[in-house]
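Protein chains in written order, with the numbering used here: chain R, 1 to 161; chain E, 1001 to 1811.
Since the hints were derived computationally from the structure, they do not count as laboratory data.
We put the beta carbon where it would ideally sit given N, CA and C, even for glycine.
Incorrect hints may have been included.
[Claimed, not checked] Below are the SDA-like pairs computed for lysine to any residue, each with C-alpha atoms no more than 25 Å apart in a straight line:
| hint | chain 1 | residue 1 | chain 2 | residue 2 |
| --- | --- | --- | --- | --- |
| 1 | E | K1548 | R | G83 |
| 2 | R | K11 | E | P1027 |
| 3 | E | K1733 | R | E125 |
| 4 | E | K1056 | R | M65 |
| 5 | E | K1005 | R | D154 |
| 6 | R | K11 | E | R1021 |
| 7 | E | K1556 | E | L1014 |
| 8 | E | K1733 | R | E123 |
| 9 | R | K116 | R | A79 |
| 10 | R | K11 | R | A70 |
| 11 | E | K1548 | R | A79 |
| 12 | E | K1048 | E | T1066 |
| 13 | E | K1005 | R | V87 |
| 14 | E | K1639 | E | R1021 |
| 15 | E | K1048 | E | T1119 |
| 16 | E | K1556 | E | R1629 |
| 17 | E | K1548 | E | S1633 |
| 18 | E | K1620 | E | N1745 |
| 19 | E | K1056 | R | T21 |
| 20 | R | K120 | E | N1745 |
| 21 | E | K1056 | E | D1261 |
| 22 | R | K11 | E | L1014 |
[Stated by the list, open to error] Have a look at the derived ranges for each label pair, beta carbon to beta carbon:
| hint | chain 1 | residue 1 | chain 2 | residue 2 | range |
| --- | --- | --- | --- | --- | --- |
| 23 | E | V1717 | R | V13 | 53 to 61 Å |
| 24 | E | M1001 | R | E131 | 27 to 35 Å |
| 25 | R | P119 | E | D1585 | 52 to 60 Å |
| 26 | E | E1371 | R | E131 | 34 to 42 Å |
| 27 | E | E1675 | R | T42 | 22 to 30 Å |
| 28 | R | E125 | E | R1808 | 34 to 42 Å |
| 29 | E | E1054 | R | E18 | 19 to 27 Å |
[Stated by the list, open to error] Short, incomplete list of chain E residues facing chain R, as computed with Cβ under 8 Å:
| hint | residue |
| --- | --- |
| 30 | T1017 |
| 31 | D1259 |
| 32 | R1260 |
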Amino acid sequence: MAQVSMTVNGKTVSGEVEGRTLLAEFLREGLNLTGTHIGCDTSQCGACVVHVNGEAVKSCTMFAMEADGADVGTIEGQANADGSLNVIQQAFQDHHGLQCGFCTPGMVMSAAALLKENPKPSEAEVRTYLEGNICRCTGYHNIVKAIMAASGQDVSAIAAE
Amino acid sequence: MSVAKPLPHDAARLHVTGQARYVDDIPLPQGTLHLAFGVSRIARGQIKAMTLEEVKTAPGVVAVLTADDLPFANDVSPSVHDEPLLSDGPVHYMGQPLFVVAATSHRAARMAARLGNITYIEETPILTIEDALAADARFEDGPRVYEKGRVDAALTQAPHRLQGRIEMGGQEHFYLEGQAALALPQEGGDMVVQSSTQHPTEIQHKVAEALGVPMHAVRVEIRRMGGGFGGKESQGNALAVACAVVAAQSGRPCKMRYDRDDDMIITGKRHDFRIDYDVGYDAQGRILGIDFTHYTRCGWAQDLSLPVADRAMLHADNAYLLPAARITSHRLRTNMQSATAFRGFGGPQGMLGIERVMDHVAHALGRDGAEVRRINYYAAMTESADASGGGIFDPKKQPTLSTEDLASRGAVRASSGSGGSARFGGAYSAVPEDAENTTPYSMPVTDFILHEMTDQLLDTADYDRRKADLARWNAQNETLKKGIAFSPVKFGISFTLTHLNQAGALVHVYQDGSIHLNHGGTEMGQGLFQKVAQVAAARFGVNVAAVKITATDTGKVPNTSATAASSGSDLNGMAVQAACSTIRDRIAACLAELHGCSVEEVVFDGGDVRVGGVQMSFAKAVQTAYENRVSLSATGFYKTPDVAWDRIAGKGRPFFYFAYGAAVSEVVIDTRTGENRLLRVDLLHDAGASLNPALDIGQIEGGFVQGAGWLTTEELVWDDTGRLRTHAPSTYKIPACSDRPAVFNVALWNAANPARTVYRSKAVGEPPFMLGISAHLALADACSACGPHFPDLQAPATAEEVLRAVGRARG
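Given the sequences, and given the hints that come with them, work out the whole structure.
Here's what the structure looks like:
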């Protein structure tokens, strides 16, 4: 067992981990941040995407010890300081970019990473960027719509009331 | 009014902030054990010896159980008790649970489960359709046959006739959240189970059997699943039962979740099918007689295979009036995962069969596929049609008590006996076989709206012009070829096991006017809870925010049917409406008396209640009722009227009504590699008077993509030893975001359901899945552009299969 410490959603945390403890496990079981989901266990579905030093990372691919000293962001830290939804979260709600919700945290985290590097992506760019995030429910249409809306671009919407 | 509004999913805020809780997210009590199965490494044989010493001494292991350690029933089957939780000797498929490990962590349990030393007496597995037919390995004593008219004569006398075959693969559910359960032992031997299940009552039943206790000693709760698609109708039984048994023995909470690999190796999938056809038709392409033979590999256990295969037969007509039709269905027993429910429940397979026939006939005559389809449509609905009218069928007889899972769709054992008609809804009045506009199972089609829907869709999709453009484009392009196809959907709504068409609800109104809502349906992302909450809010004339949606709980609403067969909002919406009406009427009666007016003058609207000339808030009205000692809690119950079905005879009215849809897909293929893309999709779907258009459109978009995935990229491969070679998303290709068509137009037909459903809406869970068939047909059309011969495209149409079909078209 070894000691790791990192900043998670702005707070310094530390804990005991085995060498093989995955970052996803440390977040879920060590810190009780269960919004980071485990869908495929093999880095393909993207339900576990978090930010490590500002980069989107599949947290089931990374050891907790590799994140020692890093700045980690999870879905639980995405809302605005006053608790209101950030622009991406709000867009996913308004544009029905979710059904069962299991892929949603990973989608929101990937979308945030995309918009950081490309604030006005084309639809095709959104689709290509999200190739590593599987959704089995929505057919992706409303997810793409939500991300386009979050980037401030016009989408034909069935606006939520 | 809160219905018919595009409100977002009720848990959207929880999902986007990571607060929505699934079974795996529930904080665990100290001392919780984690479970994993040790599974078989051969597909068929007998266990010679099982040495588990290494497993028992592995780090973290607390207990190891085999079949001998199970105190009561060793069974997790939803049908005929043929599915032991742990093998008691025979091995039926590669991946079958043989023993269960309980350890202090998930990883410790999984690692230990790999250390079993097991020797087998191996037997040759039955894997293919040919193997199964040769061995007569099947469920039921022989094939089921449904028949209408004089098929052989019709075939012989038809001016044209052709034969063909289509093979279609199965499908992995790939619910993003894998199977999971958590059992919490209580005092006096009671058990509480949190299970990711579409069927809490089934879990309760199987856990009670395994613990040797009455059902009242087991309570099952589920707030939400991370996707179900049918894969959590029966496949969660093993985890819940294993957790409950170990929890009862150890006195410690037990949790089990399958890793994705384990999930894909252990659990059942969609049934694959081979459909042979022999069709007689005239020069216009009108079908005069047809003979279908369905072969399906059901895997090792019966599970829900009989009703799945039945539903495939019931959709062998799709939208077409077949004057003479015979459907023969072989349900084959193979040494593979036990195929199970999956969105459409056999319907998609049956439907693809007839759609292939339409294409084959159109190709043979050189006519347009859409045109041939329309010629064969059922007659249109008449003005006065009311699908719930007529009163022809009289489903009176109740099933007798049985130890079977009466609440499961798998409860079909009576099928082999003569008591079938009593079992499946009782008496029916046979419709004359030559009656017009009846299905091959003698049900009149009275609500057919595809003529108008087809007109509208072909117009908005600009089908004729694009088809002509495509022909020109194909003439100028050698390497790439485009294809376009139209396909309709007519899908029957109701459980075919008639007694399952019932639902219950429990509603409380508290003194402050807030409402607690519970019903038997489960939430798997489809938005059922929100739709039902909208119904409740509409009944009380309040904002939907006043309604608290609560977890499905067998302790609140008992004897529920699975949330399946697209029936969730039809059944539970009605039950909730009934419960709310009871409470509302009590409040109204109280206020009417206090204010000296009639009950009819009490109006619930806009968060207020008006009584004669007085207006008060809903909360004030509730408080007044409370102070006048009015009960503010009620149950509600609903049963679907007018359905009755004899699955042995293949006659009756299995469905309350039909849901309709229509699709046009356009694709492009690379004739040198078989690679392909969906370019444009136009969908028009009938959700009746939609309870929530946004949620319904979400079901349509998602259903289409999942259906297109089934028929294109999603390929299950078993090798010659029976090993599933596609057991992770690395080898099994789920549609990704980039696979989505660039142009995707989706519209609701949005006309009231003639059947008396909740606010005249229609079920929407499964029907849109079959819109995906148009993608397969479009690929076949593109292949057809490569040469004069019929491309005979099989499913899934992977790049390899498209390439083969291009070769067949060229001849």
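Q) Can you name, in rising order, the numbers of the hints this structure does not satisfy? A) The structure conflicts with hints 4, 14, 18, 23 and 24, although it agrees with all the remaining ones.
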